[in-house]
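J.: Chain residues, written in single-letter form:
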Amino acid sequence: MLQQIEAVVAENDAIGVHRVLVQIGPLSGVEAELLAQAFPIAIAGSVADGAELVMETLPIRVRCQSCGAESEAGANRLICGDCGDWHTTLISGDEMLLASLELEK
Amino acid sequence: MCDTCGCNVTPGNEHLVRADGKHAKTQDGKQAITILKSLLSENDHQAAHNRHHFDQHQVLAINLMSSPGSGKTALLEATIDALQGEFKIAVIEGDLETENDAERIRAKGVTAIQIATGTACHLDAHMVHDALHHMDLAPLDIVFIENVGNLVCPASFDLGHHRNVTLLSTTEGDDKPAKYPVMFRAADIMLITKTDLLPVLEDFDPKKAEHYLRHLANDAPVLQLSAKKGLQMSNWVDWLRNEVKQQRERLVAEETARPKIQADGVKFHAANHSHSHG
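Listed in order, the protein sequences are those of chains A and B.
All letters in the first sequence, in the order written, are residues 122 to 226 by the working numbering.
All letters in the second sequence, in the order written, are residues -15 to 262 by the working numbering.
Since the hints were made in silico from the structure, they are not lab data.
You can take every hint at face value.
Not everything, but these chain A residues come out facing chain B in the computed CB check (under 10 Å):
no., residue
1, M122
2, I126
3, V129
4, N133
5, R140
6, I145
7, Q186
8, G195
9, D215
10, E216
11, L218
12, E225
13, K226
Here are the simulated distance ranges between beta carbons:
no., chain 1, residue 1, chain 2, residue 2, range
14, A, E193, B, C105, 28 to 38 Å
15, B, E87, A, K226, 54 to 64 Å
16, B, L80, A, P161, 23 to 33 Å
17, B, K229, A, K226, 55 to 65 Å
Where is the CB? At the ideal position from N, CA and C, for every residue including glycine.
Just chain B, with the same shape it has in the complex (with noise of 0.2 Å):
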């Protein structure tokens, strides 16, 4: 949500800051100054600044969210066999404790860097300034930020990132997105995972998971793929080729693209408001 231009006031709150809105003076005379601001206004400045560090160098900057062991870095590991060659990739692994997804990753030749949150369940933009310290973005055309496995903090921080993918594999329910919509009201796209054991798993339905999708009023896309068994990683290749060509465009254009995560307060906010976030 942008700070500036007055867009956190929403229909919800716009009647307790008007004139008469009983916040807008006290019984007793004492001061009350009307803020507005996010509680996570520091993170969003940061992530701001994280996303222009990614605009300068024509990156691409895509967050990996799911639960533990639902493939993020199996992914990432197919990902980058199959766009070998194509586009230059780095990793920012986000994990509480070990350097183990990062080195699965360098054994493919790529970049990772290791953020080990601690006790944090999830990654914070803070963090992830930390780690592009340690990473020359100039010759990279994409870098994937594979948050902490957790269905609910990570959705609630801008990392400075481009688009969030949300993964949720077979062995997992098929109502998540109804049990944790504030994550998958986050998702610009889903990625339904280890399709390949679909057959012996009777109760997951990939057609209630995007209808549940739907009903957060999301229209990202949904696709299925199997990335062990290499199983239809196209479409998910060509979403990722067509991001990075809408991302040069973008540039070109002078403009940046924000996550899902503050989308609708934005959107809603867009035609009272011009005003870009950089």
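Next comes chain A alone, as it looks inside the complex (with noise of 0.2 Å):
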């Protein structure tokens, strides 16, 4: 993430960061707590020292293979909420993306 981040202040010409905008679904793997515990040591020293981290947390969504509705689900029930059938797929949820930055010019 620190090389992701390093190459985009170089590109837009920044001298700092300000915020950084972090997506995390709960099927993605990433554990928020420790990313948020994590991301001062790793940014220390470098060009977004300092920087803000905000992590969202996306739902998780499916759409029914069967009856097309989409819904909400649990991590570990990934069934349509309308008809309850298990044919589904993931819309939603497994993101673990570095979404944006907020830079100083």
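Starting from the two chains in their separate frames, assemble the complex, guided by the hints.
T.: Below, the structure written as structure tokens:
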């Protein structure tokens, strides 16, 4: 993540980073609390030193392959909220993304 | 997830990056840059490179994941015996310490590269790449990557392999898929191992284990076997034969296959973006 941030800072001729927005889905395997603890240590001394980490947890949502409905689901119950079928496609909830950076010019 | 075509914009986050989304600009005029890159893009890049290596040499790469002690190495030993003379096999072993598993594989006359991960609880694409430098892929048909025994972290790392095999032994609980959804959602096939012990393990119900897997919207095949007693190995070996065949057919068609790890996101966006992942 730090390498990505450094690359964006260089591309945009920025001098620092104010805010880092990360999006995490519960099914990504990333533990938000651990990331929050590691972040200040990781950025210390880097171009992003002092940046605020904002984490957004995205909802788990599935689309049913049988009835087409979209619904929220639990991490270990990815079944359709409408008809109860388990033939669903996850449409949100497994993200682990560096979403955006607020740069200091 | 793909970082090049915009498929990281999911229905969960697209509202944030539209022109009027709350992250499109900031109130105090600071420049906000939208990135939407996977935090694992370094790993994913290396994984694509590894997969290219495997494909170039017409090798099928299989990632074995499970708890410690669920029988990954025993499964490999029995599989090597079953496929003797049919396929050329090599193994990459991931453990925190020791060469014990690699030595068991070498005793079968098969090349085994041990990766000692130290304190790391999973393999990543860079470690596998280093191991590939010690392995001649040219004569091989299948490379098994035996991941570190762990039902959590290995699921999140693409190694450049083609298929995920997840083992669930009967000495564990049948509700493991519900407890470790990230891992079992990534399974291309689930093997219920040590079934010779089922008569004495009244609490383990293979049907329940499959039920929990289906509730993760995973349609992967579920096979039962005992590697140690050589029970019901044939369905597993047939599955492998079919995967080798499919891998060869894909290479003729200049395609590759990714394991289930990121399958849903890719599947969902495939309709909108035609792109191939090398």
